[in-house]
Amino acid sequence: MFRDHVKLAFKNLRHRMSRSLLTLLGIAIGIMAIISLLALGEGMQQVITGELSSLSDVIIVSTGGNMFPSFGGGGSTGEYFTQRDIADIERIQGIKEVSTQLSGSGLAEYNGKKTIVSLTGMEVGVMTLQYASQNLEAGGFLNEGEQNKIMIGYSIAHDTFDADISVGGRIKINGEKFFVSGIFGKQGFGGSSSDSIVLMSSRDFQKLTGQSNISSIYLRVNNVNDAESIATIIQTAINENHGRKDFATATTMTSILETVQTITGVLQLVLVGIASIALVVASIGIMNTMLTSVMERTREIGIMKAIGATTRDIMSIFIIEGALMSSVGGIIGIILGVFGSQALTLILGSFMSMGAGGSFELVPIITITTVVLAIAVSLIVGILSSLYPAWKAARMSPIEAVRYE
Amino acid sequence: MSKDVIVTENISKTYGNPPLQVFALRDTNLRIKQGDYIAIIGPSGSGKSTLMNLLGCLDKPTTGNIFIDGSDVSTLNENELARIRREKIGFIFQKYNLIPTLNAQENVELSMGFAGVDSQTRTIKAKQLLELVELSKRLTHKPSELSGGEQQRVAIARALANNPSIILADEPTGNVDTKSGENIMQILENVNKKGETIIIVTHNMAIAQRAKRVLQIHDGVVQEGHV
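Residue numbers (the numbering used here), protein chains in the order written: chain A, 1 to 405; chain B, 1001 to 1227.
Do not rely on the hints blindly, as some may be mistaken.
Unchecked claim - Under the rule of at most 27 Å between Cα atoms (straight-line distance), these lysine-lysine pairs were calculated in the DSS-like manner:
| no. | chain 1 | residue 1 | chain 2 | residue 2 |
| --- | --- | --- | --- | --- |
| 1 | B | Lys1179 | B | Lys1193 |
| 2 | B | Lys1125 | A | Lys392 |
| 3 | B | Lys1179 | A | Lys11 |
As the list claims (entries may be wrong) - Which bits of chain B does chain A cover? Going by a derived footprint, with three or more residues having C-beta under 8 Å, they are:
| no. | region |
| --- | --- |
| 4 | 1049-1059 |
| 5 | 1091-1100 |
| 6 | 1105-1116 |
| 7 | 1180-1194 |
Don't read these hints as lab results, they were simulated from the structure. The structure displayed is predicted, hence computed values, not measured ones. No residue lacks a Cβ here, since even glycine has one placed at the ideal position from N, Cα and C.
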């Protein structure tokens, strides 16, 4: 019987082809929006977590409750770690290497114009690791042992002085000459602090400023599984040194990863929520089409009842019709979603590349779960939207329905 | 002696409440036997359609009982009435009432589908019935591609699909030309000769004269009549 109902529903949909197609298009657009945004969100999450996962053995210790230290800005709280803190950390077992980020400021001069800039000093090896994900506009990273060389951010190179600075350019900082080894690409919103960075080796920093203001500590552990416990030990030790419970925050990449995943997850949910509005509108469209269909087919319903159709038969015919319409719409929506997500990625990718000053490799990811979910959602939307019209059809009196003109 | 297929005991049908109550049918007692060929006649508004709807289980009496093949159908719910209509009764309407999206064969198969008959049996039976009404060359034609007389013959084939014991025909020749009307009546009479009970509602005295028994209705009162 189910097969007969499907056949009957299919014939009815074909009979009202243009109306069915328009209704189906509503569902297709809704599903396309959801698929595109889910694929984009999934792709973004993969890019971000991929970058962070490669740093899973790293612990970042920063002052205050700031989980993400201000890269390049340094010392945002105005408090710094001491050599005693470093010595205490180095005593903890299971740590492979410890390096520090020094922060301060200096007077920079280029082409006759002087300005105060933020200076960041760090071990060259750590520098390469920490800034590996950032695009370089020109030049390269510092090499171990090089002196009086710096890397600068996009706005230092292009916006701070009267003339653009290029690789090999010479800048005076506190009267000392430095050569530009590399220029970072524009970071835009997320990494705006990196745009005004002046990065040098720890040795040059100390030589230049005579200070060792440690704003952050980077360390790597031998065993990734110990990272969390070591982070707790470090945090307790440093807080004890400074006599405050909230002086330092030691964060593992795993916890940063979890936080980022939570944020991207929420973002994805919000995007899907917005896209779902299209689906709600589409489901109202299905209900409207089905109600019109019930009205038009009043006589037909009466005939079917007169020749022995039960309430269940009538309901089933109309629900199958709605489900059929929305699931075909769902399948078309998935296909459109594949192209939609590619288009959205291209637009977003080019936008972000412009901002980042380099290539931004975002690939939309459509998982089997997303596809199954989309089909299930469209099917459920179809069934729910046709429940009321089907019920209305089923409770019609056969006498009234047969008489209906 | 033939058995009773329909028995009505003091059935009445009223609409509205006193003092504005309207009696569509009053205390009607009928005994209809297997193989009967009955014409129901009467002026418009006399209660013919009400009686037809009650006998066809499309409606329930306000008072009284209706027995079809011995079982009381007056107290059955909608789905149980649907089962009775499916198994015991075949309807033929004045306006044919075929499903416009289905072809002739599918229209005949539809009621068998509701009765749970398997697809293969349905197809064979539908073809046989359409051959009986001389429409074997019109199996795949939709109602819009058939003449009035042909549509009514499809409706007869559909009415016979589930081997009902009663055929209820409401003005079966009302919308067709004389020749087609004669053709339809002959088919129904042949069906009756095979033992089927035929009840026809008609205004046409010539049609009524062909019946073995005539029921006349005036103001909701049913009487055995003569034409």
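Now for the hints, and whether the structure bears them out:
1. B:Lys1179 to B:Lys1193: Holds: Lys1179 (chain B) and Lys1193 (chain B) sit about 21 Å apart, inside 27 Å.
2. B:Lys1125 to A:Lys392: violated (33 Å)
3. B:Lys1179 to A:Lys11: violated (34 Å)
4. 1049-1059: holds (count 4)
5. 1091-1100: Since 6 is at least three, the answer is holds.
6. 1105-1116: The restraint on the region 1105-1116 of chain B holds, since 6 of its residues have a Cβ under 8 Å from chain A and three suffice.
7. 1180-1194: Contact hint for the region 1180-1194 of chain B vs chain A: violated, 0 residues under 8 Å.
The structure does not agree with the numbered hints 2, 3 and 7 stated previously, though it agrees with the rest.
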